[in-house]
Structure formats: structure tokens, C-alpha cells
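Each step along the sequence shown adds one to the number in the working numbering, with nothing skipped, and position 432 is 432.
Just so you know, not all the hints are guaranteed correct.
Derived EDC-like pairs: lysine to aspartate or glutamate, alpha-carbon spacing no greater than 16 Å straight-line [to be verified]:
#, residue 1, residue 2
1, LYS517, ASP559
2, LYS188, GLU236
3, LYS240, GLU205
4, LYS181, GLU121
5, LYS162, GLU205
6, LYS517, ASP561
7, LYS188, GLU143
8, LYS109, ASP151
9, LYS234, GLU269
10, LYS240, GLU121
11, LYS550, GLU621
12, LYS102, GLU55
13, LYS181, GLU221
14, LYS632, GLU621
15, LYS494, GLU598
16, LYS261, GLU221
17, LYS550, ASP512
18, LYS469, GLU504
19, LYS639, GLU598
20, LYS580, GLU525
21, LYS473, GLU504
22, LYS476, GLU504
23, LYS632, GLU608
24, LYS307, GLU269
25, LYS333, GLU310
26, LYS517, GLU504
27, LYS632, GLU540
Read the hints as simulated data drawn from the structure, not as lab findings. Keep in mind the model is a prediction, meaning the values are calculated, not measured.
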Amino acid sequence: MKTISTIVFCLTLFLVNQCWSQQASIDSLKRVYKVSKIDTVKVNILNKLASEFKEINPDSTAFYAKNALLLSVKSNYSFGQANGEVNLGNASIILGNYADAKIHFQKAKIIFNSLLKSEQENKAFIFGLARCFSSLGVIFSQEGNYYEALDNYQNGLKGYQKINQKTGISKSYNNIGIIYKSRQNNTKALEYFKKALKIQEEIGEQSMPVTLTNIGVIYFEDSKLSEAFSYYNKAEILFKTIENPRGLALLQNYLGDYYVKTKSLIEAEQHYKIALALYESLHNKFGSSLAFYNLGTLYFEQKSYDKAMELASKSLNYAKEIGILDQVYHSEKLVSDIYGVQNQPSLSLFHFKNYIIARDSLNSMESTKKFDRVEMDFEFQKKEALFQEKNKQEHLILLFSIVGTFLLICLIFVLINRHQVKRRLTLQKEVAEYEQKALHLQMNPHFVFNCLGSISSFIVQNGTDSALKYLSKFSKLMRLTLEYSKDTLIPIDKEIESLQNYLELEQLRFHDKFDFKIQSSENVEFNMGLPPLLIQPFVENAILHGLVPKEGNGLITVDFDVQNEHLIVTISDNGIGITKSTAIKENSMKAHKSMALEITKKRLEIMEATISKSAQIEILEIEENNAVKGTKVTLRLPKQYLQ
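Put together the whole structure using the sequences plus the hints.
Written as C-alpha cells, this is what we have:
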């Protein structure tokens, strides 16, 4: 049989292995955060990091949530602020600070309700509000206030059902089942647990082992031990595939109860100690208090009174610290019993009185009548809502008949007018988009035709072996071109990669007659984009009409920068200049007409019309000491981000 230390060690290794995948996700989020420059994006990443740490390190959850909260307040980002409050609340629950957790969830509720007033059907806001209700239900449930817990779970369930969020629905069913279990209504509890399990099996929900554990508990309390152990075993197998130390700790407690019931006290002690180790690693004082109590009770029954007193006292201290009245009630009774058998009647009486006080407080906290009323409200809330709505309509029907007709006529005229305006604008936008696509398709053949012409010239001039190298680079360039030419915008780094390949091809073709540099300033953000094949025609013109006719080697420079909300692309060369190039073309016998510049200008005009932002091209000769030193093309494009 394994020793306790061996079991805990193996369990720790398992949890470490499970953390690898989660750590990869955390590292990825941290990398994205470092390069993000938009405050709202940073807030969302911080909140995701807080959520990732929820089950493994609540202190880290609190750290990232606080930073998200500070930045969201600074940037006036209400949604991020609400999520930050939720994450802080969850961290406080795990750490046993229920008073702080309630404050955070109440603040989040206020923000989500305010957001929903302006945008009622926003699923993210409804989901956030449902999380607040569900988390408050957890707090009230652990405090023994089952009336408030059920009310909050029901409100959370309504939100999840409204947006068909099946994970939330299954968790709500699970939580409601726990409330019925706490009220000793095991039949109703089992009904809700099985509802939750059905959804979880359908969607592969990771909380499935928690539900299996809860079903096992119901069978255990109904003295169906073989069925209980079967569900516990299924849950334990699934816990090995997910990262949920809190759920695993609770299962270990229940397995301890099972082995106590079957008189296997050594196994019971092992499972209780594993549960305690997990809870302590999570700083979960509620779970630790329960584990200390279970171990204390086990040692008390084995007449190891000193050990029992040490653990019972720790359980009582934790329970008092976090204000869990139900656990105070049980721990006070255990401490009183231990002092009783140790012949310390005064201390035994003192703790017995505290036990009576806790018991009376629990009894007065709620009543069966109040619970039954909430249950009835839950079962018939839809019928009551329909009845109230019908009654309200009957009282107001006369008023609406008079006023409503007039308002309806006015509304119809307004809607017709708005529909016509909207339809006209939509058609204009669609026409612009189709024109853009048509010009784009026209641009691609032009680019491919020029490249094929270059390959033909290269084969004639350089032979088969050199042509193979040229064709390899050409195929890579074509792959990039085809991959991104269907998109309206492509990442700037991909445009740079495409230009790099194209310029290398032309270097081969013209025997390294020119060098090139492509530069991007730190102002250019990683998620900015520009239309595909927009820069290449200007680079091609610089080579063919500026550098090739020049004596000696040349240089092309392509710079990307951001200035005043515009993406600035500059293509410079030290070639013969526009004037001399134009004269050479006029004297040439070739009748080829380049369409690249004309198409590009048309694409920019359509882009301006579509997004209502200016796009400009400026082509100038570079002069020094009244001598032409090259050509400079400047594209001033509106700053756009990839979707």
C-alpha cells in the first residue's frame, strides 16, 4: 500500500503535468500583452490571465484582476472593469474572503446592469451578469444561507438560458442540486444533477467530474454505497484529464467519508490528508476547515485525542476566520466532545454553549416556509409573468388604442424613410466593394504577366541552372501572392516578405545591378494592414525605369512609418529620375502601355469612398545641387487594422 507522502507526491506530479498546457496558454497571453498598445486589449488580456490562474493560484488571479481594474478605470472601459471585479470576487472566494467577494460581485452587477440598459441584447453583458449571480450563490451556499443562494442561482440560470450558454446552464443546475441536497431533498437534488450531467456529456464540459461526484454523494447519503463508489471512481478518472484541484480535493473528502463508512480507516485517513494538502496549496480556508474537521473526527473515534484536538481547533479557527456558521457549529461540537473525554468540563461546557449559539443562529437564518415559497416561485415564474403581462395590457389597452395608433403611423413613416436611406447606402457600399474586387483581379494578372516576362528574359540570358533558382523564388512569391490576394487587407509583415522575394528575383534577373533596403519603424503596430499588391507596382517602376537605364549600381529603399493616424510608405531610388525616364520611353519603339499606376490610383479612390478616409500618392524627383538624384514615391494611406 502506498504511504500518504507517496500519494501526495504522485498527485503533485500529476497536477504539475496538467499545468503544462495551461502554462503554455498563460505564456502566450503574456507575449501578446507585451506587444499590445491598445488599453482595452491589455485589459482583456489581464482579465484572461486572471481567469487562467483561478484554479491554480488565486493570489495571481487577484494580482492580474487588480491591474485590469486599474487600467480599465483609467481608460473608461466599463466592460473590462466589470470583468475585473468578477475575477477579484472569484479570487476572494477561493481565499475565503467572502465579505470582500460580495462587494466585488455587487460592483460588477451594477456595471453590467448599466451596460445592459444601453445594449440589452449584448450576450457578453448578460453572461457577465449571470456569472455575478452564480458566484454570489456560491458564497451564500457556503455560508449556509440557502435561501439567498437559491435565489441567486435561479437568476444566474435565467441569464444563461437567455443566451443558450450551456456550460453556465449545466453549472447552475449543479449548484441548485447542491442547495436541494443541503435541504435533505435528495430526490430533487438528483434530478438537477442528472440534468446537468446530460448537458455536460453533450458538450464535453470539463466540470463533468464535479457533477459525477455530486451524484455519488446522493447515493452515499441514501446508503447505496456501490453506486456511490462507482460515480466517485468515474469522477476520479476524469479529474486526471483536467486541471481542477478544488474539485479533486472535494472528491478526496467524499472518498474519505466512503472509507469511514466501510470501516477502512487507513484509506479514509489517506484521502482526507490528500484533500487537506490540496486545499492548503490553494489557500482555500473553507475546504481546509472541512478537511481538518474530518481528520479530527477520525482521530477522535480512534481515541487519539491530542491529534483530534489539534485538528479540530484548526478547523474551528478557519471557520470563525471566514465566518462559515455551519462549520463553526460542527467544529464547536467536536471540540466540546474532546474536552469532555479529557476531563476538562469547564472548557467542554464553554464550547458546547458556542455550539448551541451556532445551532440557533442557523435555525433562525431561514425557514422551510421561505424556502418553499422560493421553490414555488421558481417552478411557476413563467406562468406568473404571463399573467401579470396580460393584466397590465388589459388596464392600458384603452390608452394605447388612442395614442398608439397615432404613434404607429408616425413610426411607419420614419421606418420607411430610414429603410430607404439604409438600402441606398448599402447598395453604394456594395458597388464600391465589387469595383475594388474587379480592379484587384485586374491587378493580379498584370503582376503575374510581368513576372513571367522576367522569367523568360532570365532563361534566355542566364541558362537553365540559374533559371531553376529564379523559378524557385518565383513559386514562393506566387504562393504568397495567391494566399493574400483574396483579402482586402494583409499584414504589413507579409507585404514586406512579398516585396523581399520580388526584389531578390529582380536582383537575379539584372545580375545584382541594384541593392535594396526595407525598413519598418517602431510606430507600425503588428496588427495593422494595407491592401495587397499596392506597393509592388511602384517598386517595379523604380527598377525598370529608374535603375536599369542607369550606369552603375543603384539602391531602392522602402520605408513603412505611421504619422498622424496615417500609414506612410515611401519608395525611393537613386535612378535616372522621372524626366529622363519619360524621354526614353517616348523615343522607344515598344508600344507597351503600363496599367499598374492607373489601376492603383483607382483602387485608392475606391478605398477612400468606402472607408471615408483620404489616401494620397505623391511622386517627386530627388534633386541635389540642381541635379536629379532619383525618384521618391510617397503613399499616405489611412491607418487600418486587421479584423
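> Looking back at the numbered hints, which does the structure fail to meet, lowest number first?
Replying inline: 2, 4, 5, 7, 9, 10, 12, 15, 19, 20 and 23
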